[in-house]
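Residue numbers (the numbering used here): 1 to 131.
Since the hints were derived computationally from the structure, they do not count as laboratory data.
Okay, the calculated beta carbon distance ranges per label pair:
id : residue 1 : residue 2 : range
1  : Ala107    : Met1      : 49 to 59 Å
2  : Ile5      : Asp30     : 33 to 43 Å
3  : Arg90     : Arg27     : 19 to 29 Å
Model, not experiment: these values are computed from the prediction. Cβ atoms here follow ideal geometry from the backbone N, Cα and C, with glycine treated the same way.
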Amino acid sequence: MILDIISAALILLGGVLSLAAALGLLRFGDLLSRMHASAKPQVLGLLMVAVAIGIQYPTWSTVTTLAIIISFQLVTIPVATHMVGRAGYRTKHLRRSMLYRDELAEAVDRAEARELAWERRRGTGTDPNDG
Numbered sequence: 001m002i003l004d005i006i007s008a009a010l011i012l013l014g015g016v017l018s019l020a021a022a023l024g025l026l027r028f029g030d031l032l033s034r035m036h037a038s039a040k041p042q043v044l045g046l047l048m049v050a051v052a053i054g055i056q057y058p059t060w061s062t063v064t065t066l067a068i069i070i071s072f073q074l075v076t077i078p079v080a081t082h083m084v085g086r087a088g089y090r091t092k093h094l095r096r097s098m099l100y101r102d103e104l105a106e107a108v109d110r111a112e113a114r115e116l117a118w119e120r121r122r123g124t125g126t127d128p129n130d131g
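Work out the full structure, taking the sequences as your base and the hints as a guide.
Given below as structure tokens:
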């Protein structure tokens, strides 16, 4: 009975966190806020639901499957969020006024300069890879 109450509470909290992530995607106006809203509560909500399932079905196959699911989520969500953030930054889809310090500007400027130099070499036919 107590495990059922704990599982129900975890599922309810996980659902509320996942709902908060969805509402954050709809309500927040800029890219960085939406990324934060989609990544943080979604992972914690999934973790809570997975723990609740593990409590209800404590078999090795269920627990190992849940561990694999949680591991993949913990690895892929931050990477995906980082990639979306970088793509949004490079395509100018964020409000720079909301940034406290722009640590990425110098790296993006260097990358754009390398791309421009490569395009110039390619246009003149001096690219060593044109073999």
